[in-house]
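Chemist: Each protein sequence line maps, in turn, to chains A and B. 1 is the number of the first residue of the first sequence in the numbering used here; add one for each residue after it. 1 is the number of the first residue of the second sequence in the numbering used here; add one for each residue after it.
No lab work stands behind these hints: they were computed from the structure. Here a beta-carbon is modelled for each residue, glycine too, at the ideal position from N, C-alpha and C. Any given hint might turn out to be false.
[Unchecked claim] The calculated label-pair distances, taken between Cβ atoms and stated as ranges, are:
hint : chain 1 : residue 1 : chain 2 : residue 2 : range
1    : B       : 102       : A       : 9         : 23 to 31 angstroms
2    : B       : 69        : A       : 37        : 38 to 46 angstroms
3    : A       : 76        : B       : 315       : 36 to 44 angstroms
4    : B       : 405       : A       : 70        : 43 to 51 angstroms
5    : B       : 131       : A       : 41        : 31 to 39 angstroms
6    : A       : 72        : B       : 448       : 52 to 60 angstroms
7    : A       : 76        : B       : 400       : 35 to 43 angstroms
8    : B       : 339       : A       : 3         : 23 to 31 angstroms
9    : A       : 59        : B       : 85        : 38 to 46 angstroms
For reference, the chains in residue letters:
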Amino acid sequence: MSERNVRIESKVGLHARPAALFVQTAAKAPGDVTVAKPGGQPVNAKSILAVLGLDARHGEEIVITADFDGADALLAELEALLSTPEPENA
Amino acid sequence: MPEPAETTGNPATADSAAPVAGGSSASGGSSASGGTGVVGEMRGAGVSPGVGFGPVRGIAGAVPEPSADSAPAGDAEAETAAALEALAAVADDLEARGTAAAEVGNRDGQDVLNAQALMARDPGLADGVRAKTAEGRSAARAVFESFGVYREMLAGAGEYLAARVTDLDDIRDRTVARLLGLPMPGVPESDEPFVLVARDLAPADTAVLDPAKVVAFVTEEGGPTSHTAILARTMGVPAVVALPGATGLADGTPVLVDGAAGTVVVDPSAAAVLAARDAASARAAALAGASGPGRTKDAHPVPLLANIGGPKDVPAAVANGAEGVGLYRTEFLFLDRAAPPSDAEQEQAYREVLEAFPDGRVVVRALDAGADKPLAFLPPPGEEPNPALGERGLRMLRRHPDVLAAQLSALARAASGLTAKLQVMAPMVTDAEEAAYFAAACRDAGIEHPGIMIEVPAAALRARDLASEVEFFSLGTNDLTQYACAADRQIGGLAHLQDAWQPAVLDLVASAASAGIPCGVCGEAAGDPVLACVLVGLGVTSLSMSAPSLPLVRAALARHTLDECQTAASAARASRSAADAKHAARQSLPALPDLGL
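When you get a sec, could you build the whole thing from the sequences and use the hints?
Modeler: Below, the structure written as structure tokens:
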């Protein structure tokens with residue numbers, strides 16, 4: 001089980017283009033990936049509707065969790081994405 | 001029958017797609033199918049000149065909620081399969097429309113459509129559908145209820161998410177329509193060019209419009225300054241609005257739309273189509289002869305400028321001979337986002353436009369938020385039952401001085417080292433104190449040429465007081481007319497009052513134009529070739545309009561002397577109604593028939 005706490009640097013928060021990129025990246029994973037606000041209920045990171053529903057905003061911290069072979073690499077990718085102020089290549 | 005589907009007499013600009021990004025929601029209204037057998041000529045308000053002929057395609061009405069107690073057609077597995085297949089097909093379709101939007105230069109539109117496709121493919125949504133069909137719901141009902149869960153979640157969250165509810169409803173309606181065999185909501189898809197008919201068009205409906213496919217717009221509601229009218233002029237597509245019975249036209253009915261006369265002829269004769277096209281070509285030929293800077297026949301200069309929403313509108317402005325920009329609507333940089341654009345992003349968007357007019361001027365309007373253009377990060381301070389009379393324009397900016405200061409600084413940095421003359425104006429200014437406040441904010445930011453919009457009748461009446469505070473005025477005739485005649489721009493039934501020909505509006509223009517400082521017009525009135533001559537006669541010093549309107553205005557001015565314009569202006573102001581004013585002005589402008597006007 002791998003877990004990371006990440007601060008959202010994107011100006012628009014985990015919404016719009018960053019949210020779409022985040023979900024598309026998570027969807028590549030062979031196993032479950034979840035995302036939650038600290039202490040909150042985790043939701044499926046492959047579901048755009050669930051991720052939008054978190055309403056995670058610029059400057060907030062979220063917890064990403066994954067449990068499968070290669071989970072660390074995926075979490076690193078997701079973290080890099082959230083640490084970019086304006087991600088490109090949607 | 002004559003050749004179907006063609007537009008003539010109005011130079012279409014394929015690269016000026018819809019100015020606002022958005023989804024493709026079904027805000028159209030009543031269905032245009034199931035026609036009532038309308039025949040002959042229908043008359044509405046012509047708001048974008050040119051002639052278009054083609055079959056009617058209506059925007060389908062709302063998709064009904066699938067019944068909760070209808071028995072499913074198949075077993076639970078079959079219903080699940082049907083529902084998931086429909087969701088996948090809707091996602092494919094949204095992605096294809098996204099690609100099409102990108103091909104006409106609308107990348108923001110593609111982002112929105114791709115995000116919608118991602119929602120249609122959402123695994124949580126699919127789980128919900130499986131659970132509902134297992135309980136015995138039909139495919140359509142299961143889809144409807146599964147969307148309902150997320151709909152409530154998003155509607156209850158922040159402003160940005162509440163806006164996504166519209167996107168979600170659109171996907172739901174598309175999926176349900178597909179499952180029940182109903183027409184798709186939103187702008188119709190068609191392989192052949194068509195006349196788009198709707199109750200009214202919302203920005204979201206038009207983000208994905210292909211200008212090559214739409215030969216004319218016809219709407220039942222909307223006035224001369226409605227979104228439909230402005231979009232049509234920007235795209236160079238003929239349009240008639242406020243046409244009673246428009247949505248009663250059956251899909252496929254051939255119609256001839258004259259966007260100058262405001263008429264729609266149902267099932268026209270071949271001769272009628274030919275005659276309309278001949279008149280449009282005569283005008284096109286006259287236009288081809290007009291070029292160069294704007295001036296009257298006796299060489300009185302009247303700079304002709306373009307209204308733009310961002311750098312993407314510059315090529316059309318240059319192609320139509322704009323001498324500069326008379327209205328840069330900066331709110332399009334700010335719309336549909338949760339946070340303001342960064343200083344660097346703003347500076348870049350301003351510099352790109354300034355660089356395009358090295359010898360000209362660029363008049364930038366400070367962020368005009370509020371009323372019909374709400375911004376997520378600048379919410380109104382409270383409930384506004386009448387937002388047009390609420391905290392909008394400069395009133396809103398004074399609540400957020402940091403946003404104003406950041407924009408003015410970005411503008412000053414963008415202009416440094418460039419030769420274009422940067423002028424910056426405040427929207428919705430009422431009195432001299434407000435004008436002084438804005439001028440001071442400009443000075444603090446290093447902006448040399450501050451000005452104000454004249455949209456409020458009080459500002460026009462007391463223009464001399466305001467003139468001592470700033471360098472220039474720009475008349476926003478759309479709002480000035482709305483406020484002077486107390487007639488909401490969005491209400492089709494009031495189109496006769498939303499007319500800048502109203503003598504009261506002309507009086508206000510004359511008052512502002514005689515206050516001793518340069519006074520331009522950047523409202524839609526400037527793009528009406530006859531009214532443009534009258535405005536010049538009233539003392540207006542420059543005219544700014546949608547780029548496709550420039551050639552005809554240039555041609556109309558070039559055929560009349562300043563004296564003729566002044567005579568036309570006096571005749572119009574001596575009239576007692578808008579119709580009389582227009583008629584009287586035309587009598588004083590002898591060369592209008594040369595232009596087919």
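Chemist: A separate judgement is required for each hint: does it hold in the structure or not?
Modeler: Now the hints, each set against the structure:
| no. | hint | result |
| --- | --- | --- |
| 1 | B:102 with A:9: 23 to 31 angstroms | holds (27 angstroms) |
| 2 | B:69 with A:37: 38 to 46 angstroms | holds (39 angstroms) |
| 3 | A:76 with B:315: 36 to 44 angstroms | holds (42 angstroms) |
| 4 | B:405 with A:70: 43 to 51 angstroms | holds (48 angstroms) |
| 5 | B:131 with A:41: 31 to 39 angstroms | violated (19 angstroms) |
| 6 | A:72 with B:448: 52 to 60 angstroms | holds (56 angstroms) |
| 7 | A:76 with B:400: 35 to 43 angstroms | holds (39 angstroms) |
| 8 | B:339 with A:3: 23 to 31 angstroms | holds (28 angstroms) |
| 9 | A:59 with B:85: 38 to 46 angstroms | holds (41 angstroms) |
Hint 5 from the list above is the single one not met by this structure.
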